[in-house]
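*Asks:* With the hints in hand, could you dock these two chains into one complex?
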Amino acid sequence: MATIRFDGAALTVPTADDERVVLEPVDLTLTERRVAVIGANGSGKSTLARLVNGLVTPSSGRVLVDDVDVARDPASVRRRVGFCFTDPSAQLVMPTCLEDVELSLRRHERRRSVRLERARAVLARFGLGDHADVSVHALSGGQRQLLALAGVLATEPDVVVADEPTTLLDLANTRLVGDLLLSLDQQLVLVTHDLDLAARCDRAVVVAHGRIAFDGPAAAAITAYRSLVDAGTS
Amino acid sequence: MSAPGVLVGIYQPGRSLLHRSPVGPKLLGLAVLSVTVVAVRSMPLAVVFLAVAAALATIARLRARLLWRATRYVLLVAVVVAGFQWWFYGRDKAIESLLDLVTLAVLALTITATTPVNAMLDAIVRWLRPLRRLGVDPERVALTFSLAIAALPGTVALALETRDAARARGLGRHPRAFLTPFVIRVVARAHETGDALTARGLGD
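Chains as they are written, first to last, in our numbering: chain P, 641 to 874; chain E, 131 to 334.
The hints are simulated quantities; they were obtained by calculation from the structure and are not laboratory data. Glycine is no exception: its CB is placed at the ideal position from the N, C-alpha and C atoms. Treat the hints with caution; some may be incorrect.
Unchecked claim - Restraint ranges, calculated between C-beta atoms of paired labels, are given here: (1) E/316 - P/654: 42 to 50 Å; (2) E/324 - P/823: 26 to 34 Å; (3) E/317 - P/708: 52 to 60 Å; (4) E/324 - P/811: 28 to 36 Å.
So that you can see chain E by itself, here it is in the shape it has in the complex (with noise of 0.2 Å):
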């Protein structure tokens, strides 16, 4: 099974500045920047917004291939939506939108190419260590977050063996086809990963 395209959850080693960067300062800068984002309504700073993504980008080195094939299918669903967005309001909210999307898209991937998913589950851990006198179990929490980034890729793939699998059966073309034995597969595969899980002890 491979995901090609899925850069989201995979972390590319490297010796770049936000490679060696602590979590903390990295994760917060990506709350921070999306909030951002979505909330500044303005066509211009969205340009100014996806050239600091790209900068970030660059100082990770992350490299202009995989980059591309990490946010083309972000950017398909971008052009979609900033079609519909044109149609009721117009050429700089669809162009704002667009931007907008590619930005998160080039930010979760800069983070996710430079942090190891078992680094974002130690900070968090740490972060919510104070909330476990309230009941909150740090360790499940974190491992919540972490499955949510780590599983992108498989989904994808699955995606991609229902789609071939509908092709096969000459189905290409039909959402029903492609759809529900994707969604099956997915829920599938969230029971086995919870067995798997539940097998190494994770959930004890």
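Looking at chain P on its own, in the form it has when it is part of the complex (with noise of 0.2 Å):
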């Protein structure tokens, strides 16, 4: 498993007249198979995600990933860590599945031909093999749920992050998803509101108005997060 370090990493932004802190400095060391990511709306566990892959640059502090640091080395750091949004229409970029599939693989594979064989096994390996030149317009919310994780997967990263990647599905194809992403060889950082999900994870950290409000087995993190909850200060 890689070792993802975050080393006093803050995010502030600017606003009209000062600045607001999104995440307040915070220092953790991933190095758990499944590791989720739980807490209110709005609370950061999205910044928290987005800081792994580089999508998003700390103001303050570190993010590295087998220290290698994002901020400083984005690219080599992607290459290992895919990032899997929560709404897939966002992330699929070409109008076919296979298409899109392949669009991930081109800054691995010169040879179309190569590509081609590639996209179309990941796409078998997630169900869609019959949906390879369909519309991605045309699938259903977990097929594209389903398409977008294959067009992660299909590069081989070491980590996957997902930002809560079952919030849009129903009950169905947020179980097929869930038990997809579980079930991964690959490091998983799962931010999530799905608390059943949450508790099958090897660690949870709660995050709660930009602070690490807990961190440690994700049965105790669920239980401190529901006492933030009825203690209205989550």
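*Replies:* Here you go:
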């Protein structure tokens, strides 16, 4: 497993008259295979996840993946860290399923025939083999999230960061995508509101008001999160 | 999200002559034909150009129903434009403009329906490679072209969703109730697409 280290990583954004703290300085080392990040809307969970892939750069401190500073060498980190968004429609940029997965492979393989072969194999693995030439706009929500995941996993990253990947899905697709994510060989950082899914992770981090409110085993973290919600301080 | 009627940017698999033709000549042909259609000012020749476009669509074995669904919105715009042209310049000019717009739409549809976007991307990267010495990043330029084509169905889908949302709030026919949220959503989607490309390492 990779070692993801937050070394005093913090994020502030300018406002009209001052600045707003999105994430207080975070010191965290993640080595477990499956790590859940839970917390209320707007608590800073997604920011924490985006820092790992370099989509967001910390305003102070560092984020390192196996000692590589994400801010200094984002390209090399992104080759190892895949990112799955909440809304797959934003992630799918090519017209058909096959073309979208093939796009992911462009930076790894120059020969189109090889890319196509690998893309077809990945689609088949995700149960989308029959949808290769289907428009991404014609897929169901669950199929779209599977395709987005296929596009991420096609490049065989070491780490997958998933930002609320089941939020827009129905129960059956939540189970399907959740089971798939948790069965990955890759290290998984899973931002989620689904506490059943979080409970199946090896470790969970609770984020509240831009701070790490709890960090530990998933069951204890969920209890701590529920207490925060009950106390109205989440 | 669906984009009914928007087929530009959607590859339709097939084994027709145009499907099997290399990307370069197809794009070059599209460019030459498009410039010719716009440059030549003649109503009888506009009919000939439309016949050529229809013949190419037939060779590509595009189904008439798909062709109609894809071009009906262009036809709508073309009719409005032709109306103005008739008012200002007369009947011949109006018919020529209408035919030219439909011809260009059919040509664009025929090429995008028979050519995968990634194949276009490969071709553009190949053509731009000599410009690398001048600081041009061929992969990035090609990706920009491809995204412009691929974004069409998604943008129309956003427009339809925004229209439905305006209707649901009883604001169906108010232009501002449609245009303001539509522009905001398109810009937001552009940001999301940028993030998605960055996350996939395609901007590195």
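*Asks:* Using the Cβ atoms, figure out if residue 324 of chain E sits within 26 to 34 Å of residue 823 of chain P.
*Replies:* Roughly 31 Å apart at Cβ, these two residues keep to the hinted range, so it holds.
*Asks:* In this structure, is the beta-carbon distance linking residue 316 of chain E and residue 654 of chain P contained in 42 to 50 Å?
*Replies:* violated, 25 Å
*Asks:* Per the hint of 28 to 36 Å, is the separation of the Cβ atoms of residue 324 of chain E and residue 811 of chain P within bounds?
*Replies:* holds, 32 Å
*Asks:* Check the following: the C-beta atoms of residue 317 of chain E and residue 708 of chain P are separated by a distance inside 52 to 60 Å.
*Replies:* Distance hint for residue 317 of chain E, residue 708 of chain P is violated at roughly 33 Å.
Comparing the model with each earlier hint shows violations of hints 1, 3; every other hint is respected.
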